[in-house]
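Here's the letter readout for the chains.
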Amino acid sequence: MNEISHLVGAAGPDSLVVRFAGDSGDGMQLTGSRFTQEAALDGADLATFPDFPAEIRAPVGTTFGVSAFQIQFGGRRVRTPGDQLDVLVALNPAALKTNLEDLRHGGTLIVDTAAFVDRNLRKAGYDRDPREDDALDAYRCLEIDITKLTQAAVKPLGVGNRDANRARNFWTLGLVLWLTGRRRSSTQEWIRERFASEPLVRDANLAALDAGHAYGETAELPRLPEVLAKGHSAPLPAGRYRTVTGVEALCYGLVAAARLSGIDLFYGSYPITPASSMLHMLARLGAFGVRTFQAEDEIAAICAAIGASYAGQLGITGSSGPGIALKMEALGLAIATELPLVVIDAQRGGPSTGLPTKTEQSDLFQAVLGRNADSPIVVLAASTPGDCFPVAIEAVRLATRYMTPVMLLTDGFLANASEPWLIPDLAALEPFPVQQGAAADGFKPYARDPETLARAWVPPGTPGLRHRIGGIERAHPTGAISYDPANHQTMTDFRRAKILGIARDIPEQDFVAGGPDDRLLILGWGSTFGAIQSAVDRLRAGGAAVAHAHLRHIWPLPANLGDILAGFDRVLVPELNAGQLNFLLQGVYGCRVESLTKVSGKPFTAAEIETRVKTLLEA
Amino acid sequence: MATVLEREPKGLTPKDWASDQEVRWCPGCGDYAILKAVQKTLADLQADPDRTVFISGIGCAARFPYYIESYGFHTIHGRAAAIATGAKLANPELDIWVVSGDGDSLSIGGNHLLHLLRRNVDLVYLLFNNEVYGLTKGQASPTSPRGTVSPSSPGGTLDAPVNAGAFALGAGARFVARVADVVQGPMVEVLTRAHGHTGTSFVEILQNCIVYNDGAFDAVTDKATAAEHQLWCRHGEPLLFAGGTKGVRLVPERFALEIFDVGADGLGAEAALVHDETNPMLAQMLVRLEAPTALGVIFAIEAPSYDAAFSAAAPARKPELADLQRQVGGRTTWEIG
Chain A
1 MNEISHLVGA AGPDSLVVRF AGDSGDGMQL TGSRFTQEAA LDGADLATFP
51 DFPAEIRAPV GTTFGVSAFQ IQFGGRRVRT PGDQLDVLVA LNPAALKTNL
101 EDLRHGGTLI VDTAAFVDRN LRKAGYDRDP REDDALDAYR CLEIDITKLT
151 QAAVKPLGVG NRDANRARNF WTLGLVLWLT GRRRSSTQEW IRERFASEPL
201 VRDANLAALD AGHAYGETAE LPRLPEVLAK GHSAPLPAGR YRTVTGVEAL
251 CYGLVAAARL SGIDLFYGSY PITPASSMLH MLARLGAFGV RTFQAEDEIA
301 AICAAIGASY AGQLGITGSS GPGIALKMEA LGLAIATELP LVVIDAQRGG
351 PSTGLPTKTE QSDLFQAVLG RNADSPIVVL AASTPGDCFP VAIEAVRLAT
401 RYMTPVMLLT DGFLANASEP WLIPDLAALE PFPVQQGAAA DGFKPYARDP
451 ETLARAWVPP GTPGLRHRIG GIERAHPTGA ISYDPANHQT MTDFRRAKIL
501 GIARDIPEQD FVAGGPDDRL LILGWGSTFG AIQSAVDRLR AGGAAVAHAH
551 LRHIWPLPAN LGDILAGFDR VLVPELNAGQ LNFLLQGVYG CRVESLTKVS
601 GKPFTAAEIE TRVKTLLEA
Chain B
620 MATVLEREPK GLTPKDWASD QEVRWCPGCG DYAILKAVQK TLADLQADPD
670 RTVFISGIGC AARFPYYIES YGFHTIHGRA AAIATGAKLA NPELDIWVVS
720 GDGDSLSIGG NHLLHLLRRN VDLVYLLFNN EVYGLTKGQA SPTSPRGTVS
770 PSSPGGTLDA PVNAGAFALG AGARFVARVA DVVQGPMVEV LTRAHGHTGT
820 SFVEILQNCI VYNDGAFDAV TDKATAAEHQ LWCRHGEPLL FAGGTKGVRL
870 VPERFALEIF DVGADGLGAE AALVHDETNP MLAQMLVRLE APTALGVIFA
920 IEAPSYDAAF SAAAPARKPE LADLQRQVGG RTTWEIG
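Top to bottom, those sequences are chains A and B.
My numbering puts the first residue of the first sequence at 1, with every later residue one more than the last.
My numbering puts the first residue of the second sequence at 620, with every later residue one more than the last.
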């Protein structure tokens with residue numbers, strides 16, 4: 001019981017992986033995000049993984065209603081939410097059943113004994129109480145009647161048992177904060193502010209938080225190893241930090257881009273998981289040059305955005321896979337009329353409704369190829385929550401400079417996950433003022449800038465430059481309707497050359513780790529970044545000659561990518577789909593690429609990538 | 620960010636509103652008459668061509684923007700309402716006209732029209748209703764009468780038609796009018812009213828397709844029968860037609876409209892209902908009349924436009940970089956290094 005060494009995590013003594021799991025009504029996401037804030041304020045590096053069901057309040061006690069929040073934090077660089085858990089909190093049997101396999105042997109398991117009654121055990125699919133056989137012997141099991149202890153803690157306030165149960169998550173949070181040596185002051189402050197208008201709820205939550213914390217101390221539970229030496233933070237670049245989710249960073253990026261470009265933004269959207277949170281956040285940022293419009297459907301959302309772009313603002317629309325599919329015809333109109341547009345796809349498991357709250361990277365084909373005709377657009381992908389900020393700015397820059405739609409790929413994991421974020425100095429960002437209008441003399445709507453091949457952006461209302469555009473093929477350079485065969489060839493060539501030419505305006509592909517002399521290249525894109533980086537760190541520490549490059553620009557691809565690929569005997573592309581980037585690379589470069597694919601609705605673990613690389617290197 | 624110049628009217632004539640594009644409708648198409656009436660209306664109004672925008676979907680009617688000397692956007696099937704909404708919200712100074720057909724508006728684009736009308740975006744919406752798909756060669760449309768024989772319905776259609784005006788009223792339209800392609804003078808009057816109305820002004824135009832549905836509205840438009848079939852609705856005037864020999868009255872017991880002969884059964888002209896364009900129940904009954912067909916401004920009430928509310932709801936702009944930096948910086952931060 002007191003062998004502390006037994007508790008040292010598989011992730012090493014300098015980081016811990018904790019997962020809170022309970023019913024979808026148990027407040028696990030809130031618990032996790034408060035814990036995240038406390039760890040961040042102590043200077044930890046961290047990565048989180050909120051994982052919740054599509055149902056808002058699934059039937060109580062069922063396995064499909066389990067909501068979980070995972071965090072890895074520590075005094076070293078942390079790239080992923082962690083492969084294996086050091087601590088699992090399971091507030092009911094269903095949470096235990098669905099999460100236990102991720103807890104490492106020797107890890108700490110905290111269960112609320114009050115929830116382990118026959119009815120809940122049956123709902124979770126247990127024939128008998130797992131605590132009564134040897135199923136839990138491999139773990140340090142803390143069996144605590146959290147329900148009763150929470151009730152006792154709030155009883156002096158006059159709070160009944162039913163309401164007391166809603167404070168159970170704060171009791172649990174208090175205990176885990178104590179076990180991990182974290183403070184609780186920012187959570188206390190947060191509770192006071194959040195529940196200022198409900199004094200009883202406020203006091204009950206504070207009492208529960210304190211009681212959980214005190215329980216750890218009075219019961220003399222052994223603390224987990226301190227992963228953050230006092231006064232020492234994780235080795236992150238110096239500066240002021242906050243935690244940020246992908247959605248937050250992306251919305252800040254769009255708002256910053258409005259300022260840098262001098263163009264107001266118009267965000268048209270229709271509610272869909274997991275993209276709705278962008279609409280919610282942007283709706284609160286109106287003072288910073290972005291207006292939001294909740295349209296009647298996905299098609300209207302992109303069409304209103306196109307209308308806004310036509311009229312001189314930058315139209316943006318955001319959705320997830322099936323919603324993006326509905327937008328494709330309109331996207332073709334923006335391609336044909338060469339209007340700037342940003343389309344954000346927060347990818348999720350599919351096809352069809354698929355797995356609305358689970359992550360996947362299976363819209364790459366849809367983004368690059370998913371339209372009728374030869375209809376190229378720019379495709380970008382963000383790799384971490386914080387990376388959504390610069391990628392959003394890049395999307396606006398390319399859309400306005402090249403008069404083209406840009407699709408920005410995020411995913412369910414990136415949208416909700418959080419990490420410490422070095423707060424950007426906005427004054428240091430390079431402005432890219434956007435020009436509208438044109439010289440009246442000899443104005444032709446489809447005359448092109450010789451360098452970018454972009455046409456001029458001339459919104460209606462511009463004096464003296466009246467013209468007409470549309471989806472029927474346009475004559476070069478007048479824009480008049482044209483069915484001329486040679487003209488269609490010319491315009492198709494222009495559209496293609498304009499997008500491919502952007503490869504000259506984007507950075508050359510670089511390496512995250514290693515370089516051309518290594519034996520194997522892992523080429524990633526999007527949210528697999530952290531898992532690949534963790535795996536590569538470990539592999540290189542073990543002497544393996546493995547390099548890592550990560551694509552931000554999916555289309556056009558960086559100009560030097562072909563040369564990089566040709567320089568490696570082995571290239572591994574891990575992606576959360578059935579091999580879409582792999583297919584694209586083989587088509588473009590004719591190169592042989594190994595795939596590592598997974599579509600379980602969960603991100604890669606670093607170990608999955610590490611294992612595959614070892615197999616390849618041994619082959 | 621578009622700039623709009625405040626300028627004196629330039630004395631433009633209808634001819635000045637014709638673009639340099641060759642008009643490509645079939646000879647004899649009703650669209651020519653509508654184009655002429657719209658160009659005359661714009662000239663009469665001394666509208667500013669630099670601020671005027673015609674936005675259309677797909678179909679014969681949708682070629683309209685190419686023929687008007689203003690800004691124009693020929694978009695995709697059914698979506699003109701949504702695109703026009705975005706354009707108007709981005710720049711409320713624009714004077715937007717949407718041109719659409721029965722298939723574009725009431726089939727593929729029905730949802731967008733519904734929401735445009737209930738939002739009340741300030742623009743003029745012209746629905747050219749020819750009760751047929753012309754550009755795709757003659758299939759039955761959502762306004763074709765039941766039993767219409769067409770290439771896609773050789774045994775006659777099985778579905779009941781949409782009544783465009785009733786649909787618009789049901790969707791919450793604040794301005795509903797109906798005209799026919801051949802009635803130039805009254806069409807200009809109605810279009811002028813539509814343009815002056817704040818909010819979505821919905822105008823159904825009965826339009827003859829000379830190739831695929833010739834004569835669909837003959838009873839209404841033919842000189843010989845027009846008087847018997849045209850019921851002109853003018854606010855505050857009695858609902859009389861056929862040269863004042865017939866009228867429309869309300870039968871309270873059945874809460875229904877009834878056609879009566881003036882002078883018969885002791886009913887004089889004063890028995891006719893007086894048109895009240897602000898009465899939605901009367902408007903619903905009038906748009907559903909088949910013989911005669913109600914024409915003119917059937918319904919018109921004042922209501923705030925969506926774009927005005929959207930602009931008014933815009934948060935006061937705080938363009939200071941420091942404000943944005945504070946926002947991005949968040950509330951809970953810590954220092955490393």
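Do not take every clue at face value.
Which residues of chain A face chain B? A few of them, derived with a C-beta cut under 10 Å, are [as the list claims (entries may be wrong)]:
(1) L30
(2) F195
(3) P237
(4) E248
(5) Y252
(6) A287
(7) A304
(8) A330
(9) A454
(10) V458
(11) L465
(12) I472
(13) M491
Calculated directly from the structure, the hints in this document are not laboratory data.
None of these values were measured; they are calculated from a predicted model.
Here a beta-carbon is modelled for each residue, glycine too, at the ideal position from N, C-alpha and C.
How the hints compare with the structure:
no.: 1; hint: L30; in the structure: violated, 15 Å
no.: 2; hint: F195; in the structure: violated, 17 Å
no.: 3; hint: P237; in the structure: holds, 7 Å
no.: 4; hint: E248; in the structure: holds, 8 Å
no.: 5; hint: Y252; in the structure: holds, 5 Å
no.: 6; hint: A287; in the structure: holds, 4 Å
no.: 7; hint: A304; in the structure: holds, 3 Å
no.: 8; hint: A330; in the structure: holds, 6 Å
no.: 9; hint: A454; in the structure: violated, 17 Å
no.: 10; hint: V458; in the structure: holds, 9 Å
no.: 11; hint: L465; in the structure: holds, 8 Å
no.: 12; hint: I472; in the structure: holds, 7 Å
no.: 13; hint: M491; in the structure: violated, 16 Å
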